[in-house]
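One-letter residues, chain by chain:
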Amino acid sequence: MMKDKLRKIAKGGLGQLAIPLIAIALLVIFNLIRDPGFFVIGLSHNNDGNLVLQGNLISIINGASELAVLAMGMTLVTAACGGQDISVGAAAAIAGSVFVKTLKSGAGISGGKVFVAFLLACIVAMIFGSFNGALVAIFKIQPMIATLILYTCGRSIAYWINGGATPTVSSPIITAMGSFIPGIPIPTPVLIVIFMTILFKLLFRFTSLELFTQSVGINGSAARLNGINTTFIKLLSFIILGVCVAVAGSIGVSRLGLINHETLLLDIEMDAILAVAIGGNSLGGGRFKISGSIIGAYVIQMLTITLYAMKVSSTDVKAYKAIVIVILVVIGSPVFKEKFGKFMNKIRKGKDGYLEKGAEKA
Amino acid sequence: MEENCLLKLRGIDKLFPGVHALNNVDFTLRKGEIHALMGENGAGKSTLIKILTGVYSMDAGSILVEGKDVHINSPQDAQNNGISTVYQEITLCPNLTVAENMFIGREDNLWVKQKSYEKRAEEILNSLQIPARARQQLGNCSLAVQQMVAIARAVDMQCKVLILDEPTSSLDDKEVNMLFGLMRDLKSRGVGIIFVTHFLEQVYEVSDRITVLRNGELVGEFLTEELPQVQLVAKMIGKELDELNNLSEGEEHKEHTGEVFYEAKGLSSSETLPFDFSIKKGEVNGFTGLLGSGRSESVRAIFGADKVGGGTVKIKGKTVKINKPVDAMKNGIGYLAEDRKRDGIIADLSVRENIILALQVMNGFFKPISRSESEAFADEYIKALNIKTASRETPVGSLSGGNQQKVILARWLLTHPDYLILDEPTRGIDVGTKLEIQKLVLKLAEEDVSVTFISSEIEEMLRTCSRLIVMRDRHIVGELKGNDLNQAQVMKTIAGGESS
Amino acid sequence: MKRLPKLLCVVLTLALVLGLCACGGGKKGGAIKVGVVNNPPSESGYREANVKDMEAVFSAENGYELKTAYSLKNDEQLQAAQGFITEGVDYLLISAAETTGWDEVLKKAKEAGIKVYLFDRMIDVDESLYEAAVVSDMAKEGETAVQWLLDQNLDTYNVIHIQGAMGSDAQIGRTGALDEQFASGKMNKVVQQTATWDEAEAKKIVESVINSGEDFNVIYAENDGMAKGAVAALDEAGITHGVDGQVIVMGFDCNKWALRELKAGAWNYDGQCSPFQAKIISDLIKSGSAPSSKKIINEEKGFDAKTITDSDIETYGLGE
Chain Y
1 MMKDKLRKIA
11 KGGLGQLAIP
21 LIAIALLVIF
31 NLIRDPGFFV
41 IGLSHNNDGN
51 LVLQGNLISI
61 INGASELAVL
71 AMGMTLVTAA
81 CGGQDISVGA
91 AAAIAGSVFV
101 KTLKSGAGIS
111 GGKVFVAFLL
121 ACIVAMIFGS
131 FNGALVAIFK
141 IQPMIATLIL
151 YTCGRSIAYW
161 INGGATPTVS
171 SPIITAMGSF
181 IPGIPIPTPV
191 LIVIFMTILF
201 KLLFRFTSLE
211 LFTQSVGING
221 SAARLNGINT
231 TFIKLLSFII
241 LGVCVAVAGS
251 IGVSRLGLIN
261 HETLLLDIEM
271 DAILAVAIGG
281 NSLGGGRFKI
291 SGSIIGAYVI
301 QMLTITLYAM
311 KVSSTDVKAY
321 KAIVIVILVV
331 IGSPVFKEKF
341 GKFMNKIRKG
351 KDGYLEKGAE
361 KA
Chain E
1 MEENCLLKLR
11 GIDKLFPGVH
21 ALNNVDFTLR
31 KGEIHALMGE
41 NGAGKSTLIK
51 ILTGVYSMDA
61 GSILVEGKDV
71 HINSPQDAQN
81 NGISTVYQEI
91 TLCPNLTVAE
101 NMFIGREDNL
111 WVKQKSYEKR
121 AEEILNSLQI
131 PARARQQLGN
141 CSLAVQQMVA
151 IARAVDMQCK
161 VLILDEPTSS
171 LDDKEVNMLF
181 GLMRDLKSRG
191 VGIIFVTHFL
201 EQVYEVSDRI
211 TVLRNGELVG
221 EFLTEELPQV
231 QLVAKMIGKE
241 LDELNNLSEG
251 EEHKEHTGEV
261 FYEAKGLSSS
271 ETLPFDFSIK
281 KGEVNGFTGL
291 LGSGRSESVR
301 AIFGADKVGG
311 GTVKIKGKTV
321 KINKPVDAMK
331 NGIGYLAEDR
341 KRDGIIADLS
351 VRENIILALQ
361 VMNGFFKPIS
371 RSESEAFADE
381 YIKALNIKTA
391 SRETPVGSLS
401 GGNQQKVILA
411 RWLLTHPDYL
421 ILDEPTRGID
431 VGTKLEIQKL
441 VLKLAEEDVS
451 VTFISSEIEE
461 MLRTCSRLIV
471 MRDRHIVGEL
481 KGNDLNQAQV
491 MKTIAGGESS
Chain C
1 MKRLPKLLCV
11 VLTLALVLGL
21 CACGGGKKGG
31 AIKVGVVNNP
41 PSESGYREAN
51 VKDMEAVFSA
61 ENGYELKTAY
71 SLKNDEQLQA
81 AQGFITEGVD
91 YLLISAAETT
101 GWDEVLKKAK
111 EAGIKVYLFD
121 RMIDVDESLY
131 EAAVVSDMAK
141 EGETAVQWLL
151 DQNLDTYNVI
161 HIQGAMGSDA
171 QIGRTGALDE
181 QFASGKMNKV
191 VQQTATWDEA
201 EAKKIVESVI
211 NSGEDFNVIY
221 AENDGMAKGA
231 VAALDEAGIT
241 HGVDGQVIVM
251 GFDCNKWALR
261 ELKAGAWNYD
271 GQCSPFQAKI
281 ISDLIKSGSA
291 PSSKKIINEE
301 KGFDAKTITD
311 SDIETYGLGE
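Protein sequences, first through last, are from chains Y, E and C. Using my numbering, read the first sequence as starting at 1 and increasing by one per residue. Using my numbering, read the second sequence as starting at 1 and increasing by one per residue. Using my numbering, read the third sequence as starting at 1 and increasing by one per residue.
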């Protein structure tokens, strides 16, 4: 049994997750060679007097939180619609603005108010999500084109909400949300990602979302003839992405207690799409693995932090990132997999050809 | 003999994960010969053809074209060696003109002017007597003509070997005859044709030689005139010959006398005219007619697959509204669509997921079937319908056509329908599976399930149905039962005119 | 139907004549007509403050009648300026989107006897076409900040330098003076990275330095947002900052919230490229005399945490 499993893994039985996991492994090895102390995790007091975890590893996991959350939703949209939402960054700016606007209305910030603010951000993001979703599902506009609209005007809308300023909110609750909860050494955004992951798992466990989404994405016509409401499923994927957008936007705002509608989660849509691709999901829709996208998000972040640690100028970071990502995506492509499979077969045959022959006779 | 030899395959071997698709297969094609390649699903026909056309690479063996050893690693290689293929699904571009389709993607014609290739196309079409004009948009031609254009394209590329993969499965009789005329014409010009089909009659009508494969192995090569049809079937399926005989002889066509399960009055959809229809419990009836007569559209209207027009529907005497597929499903109706690839399978999903899909939809969004339960369902039906798959988690797209069809059947059986609509369940499927499906239909009827069965093969419908609804030009033109259920009467009604 | 265009012409001409009359009469009545062509307030916090300042200074109470036109596009701005000339304003104030293409319009203004002031941005035209340009000296702003830093007399200067979007005026101005110090060896460059005005990016950059264990005692961020991002990283790492802290924090723009941080002693310095040109121009208009120079450099502010007052925050702070 054990041997079978090992052999399966050796044969690429990790399947979809192989590429992102290998990428992480390579980055870890690279960093360990470059600087053995890269992954050292320390425990120290922060300025609020809490004992918190520190180190590059924490920076990576923490910094990737918004991306990971968005990648989850993006995976679903990609699977159902065979296209991507490029407006998530702009939508997050809107959600963040709503979040801040609500917090700033009236005096003082209580836990209840934060909750209401988040709820409002969620509702607004879901409304914009359903706007995108309606364009895609009902009017059959290509997702990238449909979401181009919000991508273009989203940050202007965010600007209107707070009248153009970069308002700040300061409250221990917001600090706890964006940084650390007193007494818990793990960054709160990381906890939120874990929470969201569990939420998605539960969603897949207690609804048929996964099966239906995949069916719609692979063969919409057949899905419809099997009674699946394809319009609803596509719309739903955008609405769920809306929730992810609100969560990501609120994390982004809480980190600094400030909203800058122009820079909040800037360009994150591209990273989110890349995370989906690195996670081995087809950008053409169909079968998907949320876990792949999450790992993909961490790959991107680890890459960024590694480059920062190497003092690569942040203008150059994008170029380096592009190179690595091109390699990853090509390796993950079906064409490469096929070629690689053939190549491995040849090697295997050369190595234990006699075994194969023996097996054939039997 | 050797001089005549056009194509020679020796000891072809192909392994897929878990399946030995071809095992030491030989095949010979001579000049000016129509050679039928026969076998059940999974026999290895498709694999052999895909190797020959460079889609797959073989693991062992050799290919000789006119005595020369060749290596075919891509479809381009195949073309350069004079091997052309016309597939079951037409792979041309419907929104280009006929002429453009004939010349597109050919390097030697990169800079040819539109006028000159249109003229050339017109010549070829004329010489092959294909009823199409060069400047006509391909999508406006009938399927048969599209197929013939694909053949004309191959001919113009100086092909020596022409492979026709199920060319007749979506053609009606007249169109088939046109195609055969073209094939004979090409044959007289010295082209070797490999003809893959499931229609036995057609094999006997047009082919010179037959090669039979079974389970990836060569059974033998025969001259068509020396191999009786019964024996061919026996060689293909290896067994169950008696059963086949029994079936085709048996079956009394007695009229059904159960209570009415489904009744529609003035039912119409965006694709049909209003029509009346009813079916009793445990009855098997069928829609027949030529392609385009509206038989598929009618059953789609019953299932709510197209936009509903009007009419009243009663199920077990109660009026119900069926506006979309899920309404029909909730009322106990199942529908196996005509186009398996487009409307049936979810190719990338596993056999298991495909099987539970319809049941899951009926259970609803918030009541997912648990993993263990779905595994049990899948295993049950894989066994019951004898679905050949490596495992229940294999993507259904990698199964052979017949097995894909069985998966979809399993999907609907799992919903335990009261009324099952099967539109062309046996198209493009081997004899053995056809037989299984027919038996299944009769068994369902015994269990009081109503079945509507549509097939291009009238014999098949005569065997299974106790009532036939005949359609012509989107109208129901007759209903046959009892003694009227014979081939001659059906043909007469379909053709119209003389009988009335 | 044919009569309509004619009618329109008549009405327009009438309106024009009446407008001119009104203009002539306006002067007697005392309200000075000012047309402002500016970039829209949504462009930046700076612009927002700039626009508000204009509106506050050229108010009815101060004896002005203000007309405004906001656009990011040069040709739209040109049209608006043309419109103001036709309407017959007394003064035309321009902050141009682009430096070229203004000759014609300014000549027309001169012919019409309209006095032109440029503010915030220069235009490539002959000096004779405008009264004066009230502008900021971006390099000066950086120099002021760096001079302040040198005045702190630290033993060593290990600086994390977080830049704005590369190539922008503000970035170039704020980077220059510090680069000189790096070059002369008076200050050590721990890291120099652009965060393209992005707060979160700034946080990551500082985090990365902290994780590498390198020493630093100054954070020079080219705007307030990035300074806030940097401070968030310090807070999480338990590094003190501001007055009496381990690390000196410097920002730019003088947002009100940033000045409050300064007042609270969490930051040390905030510099400003002043968006307040209206007062200077208004004074020039009211004085009636020609300005002493064609180019008037707006005084740049820099605030020290130790000396900043609440009234400073109210007067000079941007936003709310």
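Source of the hints: derived by calculation from the structure; they are not laboratory data. Cβ atoms here follow ideal geometry from the backbone N, Cα and C, with glycine treated the same way. Heads up, some of the hints might be wrong.
To be verified - Here are the in silico distance ranges between beta carbons for each label pair:
1. E:L96 with Y:L21: 56 to 62 Å
2. C:E76 with Y:I127: 29 to 35 Å
3. C:L72 with Y:L26: 52 to 58 Å
4. E:K68 with Y:M344: 28 to 34 Å
5. E:G482 with Y:I138: 35 to 41 Å
6. Y:L21 with C:D310: 54 to 60 Å
7. Y:I138 with E:R133: 50 to 56 Å
8. C:A183 with Y:R348: 43 to 49 Å
9. C:D124 with Y:L283: 53 to 59 Å
10. Y:M144 with E:E122: 37 to 43 Å
11. Y:I138 with E:K439: 29 to 35 Å
Hints, one by one, checked against the model:
1. E:L96 with Y:L21: 56 to 62 Å: violated, 45 Å
2. C:E76 with Y:I127: 29 to 35 Å: Distance hint for C:E76, Y:I127 holds at roughly 32 Å.
3. C:L72 with Y:L26: 52 to 58 Å: violated, 45 Å
4. E:K68 with Y:M344: 28 to 34 Å: holds, 32 Å
5. E:G482 with Y:I138: 35 to 41 Å: violated, 50 Å
6. Y:L21 with C:D310: 54 to 60 Å: Check passed, 56 Å falls within 54 to 60 Å.
7. Y:I138 with E:R133: 50 to 56 Å: 39 Å Cβ-Cβ, so the 50 to 56 Å window is violated.
8. C:A183 with Y:R348: 43 to 49 Å: With a Cβ separation near 60 Å, C:A183 and Y:R348 fall outside 43 to 49 Å, so the hint is violated.
9. C:D124 with Y:L283: 53 to 59 Å: Violated - the Cβ-Cβ distance for C:D124 and Y:L283, about 47 Å, lies outside 53 to 59 Å.
10. Y:M144 with E:E122: 37 to 43 Å: holds, 42 Å
11. Y:I138 with E:K439: 29 to 35 Å: The hinted range 29 to 35 Å is violated for Y:I138 and E:K439, with Cβ atoms some 44 Å apart.
The structure fails to meet hints 1, 3, 5, 7, 8, 9, 11 from the earlier list, while all remaining hints are met.
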